[in-house]
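If you're matching them up, the sequences are chains A and B in order.
Under this note's numbering, think of the first position of the first sequence as 1, with each following residue one higher.
Under this note's numbering, think of the first position of the second sequence as 1, with each following residue one higher.
Be aware that one or more of the hints could be misleading.
Copies of one chain are not kept apart here, so a pair can be met inside one copy or by any two copies together.
Unchecked claim - Derived lysine-lysine pairs resembling DSS-like cross-links, with alpha carbons at most 25 Å apart:
no.	residue 1	residue 2
1	25	86
2	138	34
3	29	123
4	123	86
5	86	29
6	138	123
7	138	29
8	123	34
9	86	226
10	226	34
11	226	29
12	25	226
Calculated directly from the structure, the hints in this document are not laboratory data.
2 protein chains.
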Amino acid sequence: MSALNLIFLGTAGCGKSTMTSSFGKWLEKELGMKTLYVNLDPGCEQLPYQPDFDVRNYFTITELMRREGLGPNGAMIRACELMESKIPEFALEINRLGGEVRLLDTPGQMEVFLFHGGPEMAKLVEGFTVCLFLMDAKLVLQSFGSTLVRLLGLSVGLRMGIPTVSILNKIDLIERREELERLLAVPAFGTGVLSDLTGSLSQLLLQFLPPARILKTSAISGEGFKEMYDLIHETRCACGDLT
Amino acid sequence: MSALNLIFLGTAGCGKSTMTSSFGKWLEKELGMKTLYVNLDPGCEQLPYQPDFDVRNYFTITELMRREGLGPNGAMIRACELMESKIPEFALEINRLGGEVRLLDTPGQMEVFLFHGGPEMAKLVEGFTVCLFLMDAKLVLQSFGSTLVRLLGLSVGLRMGIPTVSILNKIDLIERREELERLLAVPAFGTGVLSDLTGSLSQLLLQFLPPARILKTSAISGEGFKEMYDLIHETRCACGDLT
């Protein structure tokens, strides 16, 4: 069977690297799978896993700042350009690694990957590829959160061009768990200038991303890992990759 | 009349700072308005305008890296925390500045502001506040671009909680202008796993953000500035701020 590629994507601080590491270890331990770790984040200092491919062997943000005399923003934009131009080379090398499951950890700032090279990497890496879009679960508790979670999930899926699973991570930190479930299940109704939006839009979004398809995970406790694997597997079957 | 606050938001490299500067100068020159410039980006090195308020007087990414021994990602996350905690203080100081129009330039990486402090700043700054969400116009020409532009515009508007104008910037760099207009006007139809999405979703999104409401601008040539001002003014009237 062809390799399974899992691309972990999400905003800064949503727990991508921790998830990459914990879920990889879970796949090894629970399912005896052969995993490979890919780090595509040129801005990280430490990683909770030992990468089999590491973008930092090519360039790092700190190095770009030092060597090219750039500020943090300049270095980040330069990293985007480098990322974009080097994706074919990276994909080739990742493909050479083999492995049963490859876990791809992406840049701390989601924009870097989503708008520069991410969709191309998804296309070029061989095997069946799923995007796991991590959001901080507390986002749901904030204003228009449940609508936003769906809009962002759809946006990322469309942009990446591959099956995308929306994941509310750091669920272990949520105390108001029932409130989160309630907010996810019903469309958010707003007031003021946004009220016309939230009614029918949320209703429609529920058709595309029903609450049951939004996973809740904790990279710390391992909550939701079994469901995450099942959903990945189910997606793969639905796409005909396992027939 | 109360102050008008314009918050310029967008992904790295979409032209926020240049737009802040050019549109501010246009408002001064064409409409004789009194403008104030607010820089909320702790990661920039140079600015094309002279800021009246500058977050870099409080902290910068480079300084956080040096002083706290952080890597680029760590410094960015620390900046998010600082931003979030200091927004009330910043808003107070910005309110004290007065001014007829205040142009607020935001962090290079959109996520920093959108998920950390942005919505609170929109609430705390006094006067009528509009978010101008800049995207690189070439996004429309890419896969599922026209649907994505609407999804992102809606997401940002919901998150910021204020009227949000979607803007395709750097329109001067687009050669296939007719193609862009055509793609904006009709829903995008995809193939494969995403085909079920794009049909009815795009149709619905057109109701919320019709093509006419998506501005096309160039901060270099000034194209679209008049339309941008008219739309801001119209939004203000619709919200009852000018009655």
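Here is how each hint holds up against the structure:
no., hint, in the structure
1, 25 <-> 86, "neither (28 Å within a copy, 39 Å between copies)"
2, 138 <-> 34, "neither (33 Å within a copy, 40 Å between copies)"
3, 29 <-> 123, "neither (29 Å within a copy, 48 Å between copies)"
4, 123 <-> 86, "within (14 Å within a copy, 42 Å between copies)"
5, 86 <-> 29, "neither (33 Å within a copy, 44 Å between copies)"
6, 138 <-> 123, "between (32 Å within a copy, 20 Å between copies)"
7, 138 <-> 29, "neither (29 Å within a copy, 45 Å between copies)"
8, 123 <-> 34, "within (22 Å within a copy, 50 Å between copies)"
9, 86 <-> 226, "neither (34 Å within a copy, 40 Å between copies)"
10, 226 <-> 34, "within (17 Å within a copy, 59 Å between copies)"
11, 226 <-> 29, "within (12 Å within a copy, 61 Å between copies)"
12, 25 <-> 226, "within (13 Å within a copy, 56 Å between copies)"
When the structure is compared with the earlier hints, violations turn up for hints 1, 2, 3, 5, 7 and 9 and for no others.
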